[in-house]
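Asks: Produce the entire structure from the sequences given, and follow the hints as far as they go.
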Amino acid sequence: MTDWIAVLPIYQDMFLAAVIACILCGVVGTFVVVNRMVAVTGGIAHTMFGGVGFAYFAMSVLMVSWLTPMWGALIFGLAAALILSLTSKMKRIRQDSMIGVLWALGMAAGVIFMSMMDRSVITPHSYEAILFGDILFVGSSTLIMMAIVSAAILVIVALLYREFQILTFDSANAHLLGVNVPLMRTILYVIITVACVMVTNVVGIIMIIALMTIPVAMANLFLKNLKDTMIYASVLSTVFAVFGLFLSIAFDVPPGATVVLVIGCAFVVAILLKYVMDRSAVQSSGT
Amino acid sequence: MREDMNNELPLRIRGLSAGYDGNPVFEGLDLDLMHGDFLAIVGPNGGGKTTLFKTILGLIPPISGTVEIFGGSVSAGIVGYVPQSNSIDMKYPISVEDVVLMGLRVKKGLRPYYNKNERDAAHRSMESVGIFDLKDRSISELSGGQFQRAMIARALAPSPKILMLDEPTASLDPGIKDCTHDILRDINRDGVTVMMITHDIGNIPHGVKRIACMNRGMIINDSPEITDEMIRFGFHCPPEFLRFNRKMDYKYRCACPECEEESD
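From first to last, the protein sequence lines stand for chains Z and C.
Under the working numbering, the first residue of the first sequence carries the number 1, and numbering increases by one thereafter.
Under the working numbering, the first residue of the second sequence carries the number 1, and numbering increases by one thereafter.
If you're looking for bench data, these hints aren't it; they were derived computationally from the structure.
From a predicted model like this one, the values you see are computed outputs, not experimental measurements.
Treat the hints loosely; a few may be bogus.
Derived Cβ-Cβ restraints for the label pairs, each shown as a range [as the list claims (entries may be wrong)]:
id : chain 1 : residue 1 : chain 2 : residue 2 : range
1  : C       : H35       : Z       : P182      : 33 to 39 Å
2  : C       : G72       : Z       : A104      : 34 to 40 Å
3  : C       : K116      : Z       : L86       : 37 to 43 Å
4  : Z       : P182      : C       : G72       : 19 to 25 Å
5  : Z       : T68       : C       : G72       : 49 to 55 Å
Computed far set for chain Z versus chain C, every beta-carbon distance over 10 Å [to be verified]:
id : residue
6  : G100
7  : Y127
8  : G139
Glycine included, every Cβ here is placed at the ideal spot set by N, Cα and C.
Replies: Have a look at this one:
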């Protein structure tokens, strides 16, 4: 049996990283879900893999030492966000087609760049760590950066809350109410991209969508207010992520995948709970 | 400012052409809206009504011509807009009060909350359309008519001079339509200039002062009543089937076999 008192200090950074990621995803993910941008977020996240591969290639072959995988992911993610933002209003290009193109190209570019890198210069993270997360090895510097960037995003969301609410509820009226729709849409895409880069440390590129959408979808079942949805999604996500991390330590299984599985199971329970609540409400109103 | 607005027409359109990707949906359109007007533009789907609305609201840049709202461009707070209800995601987590407060975003400022004055204005607007007791309800819990009134309250919250409505009573039950028509008539009586578009002649309310027919990119026969020419131009139904329907409080109803079958 795991000696919890002894091991917890070792995992302190892992828990802190998970809590920061969950709060960030609860807030940003709410806009992703209510604005039906889940596929867009998936496209951005997967395109980031190309950036990670390119960063390894640039660092090892081109000797561009500043271009770390996180910067590579951010640059490719922002490029994807910009392309998706620009094409979202184009009549001739379907946005879901563009998401598919970026999704596949990003992954393919990542694989090609990783195969072309010089492994004698830099030892890259494994594919598994990049795609499914490596929260055990989140260092103090990464943790501090995650905290600062997340705090900055939360401040921006607080200041632009009304604009984002109008934009995601009724973009036609947003324009009439004086909201700069293209600017706000671009800021929202950038925030989503930066949040994806931060969360990559916790659950990896492939499972970002889980933290962004499942807790929000769960909160959305019971709540009728955007702010409450953000708060409850963050709290639920944190509780289940911490529980998932404890399980991963106890059973020695991958932490990122365990967190996602726990949150997924909680979502199923929430749907059943909502179904029972609705049925009992109908029955009580009928009697 | 107020005097200037009184001297200018609420809406003045001259030689307006607009469309998509450079292909005009309508060309050379002229239209005036007077102070206190209640104009209904009726016509079949695809006739250019929504494109006209979008151009007036500044959502589509005109290819040529001018749109003047009180002598200037469309600005926040002057025009209230009620979109088609099917353009809104009814699962969006938001209360009726928050929807109405959105209309007050015209008072700018980077802050995540609305102040007391804004909340008071939103409450007055909700009271004016009879939905104050629903203010804490989620929009997903509203009926079609209640949601439509919430959207009207949002448009009225900043006390606009012009209210524009896109198919305000489409897909509403007859009784709810009547209620919405009464609200629009009262708003117009309070001095707000109202302009609405509908594809269904049965959705023209009693309080309407002018009716225009729009089809094939043209507006014809701007008059206080539906005319035979309008029917021939805008619809395929023979004019002799047009009925004035007092009982249901609709101004007009088409009783041709095809339309009767649709309404059944």
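Asks: Please go over all the hints and tell whether each is borne out by the structure.
Replies: Right, here's what the structure says about each hint:
{"no.": "1", "hint": "H35/C with P182/Z: 33 to 39 Å", "result": "34 Å, holds"}
{"no.": "2", "hint": "G72/C with A104/Z: 34 to 40 Å", "result": "49 Å, violated"}
{"no.": "3", "hint": "K116/C with L86/Z: 37 to 43 Å", "result": "40 Å, holds"}
{"no.": "4", "hint": "P182/Z with G72/C: 19 to 25 Å", "result": "22 Å, holds"}
{"no.": "5", "hint": "T68/Z with G72/C: 49 to 55 Å", "result": "52 Å, holds"}
{"no.": "6", "hint": "G100", "result": "23 Å, holds"}
{"no.": "7", "hint": "Y127", "result": "37 Å, holds"}
{"no.": "8", "hint": "G139", "result": "33 Å, holds"}
In this structure, the one hint that does not hold is number 2.
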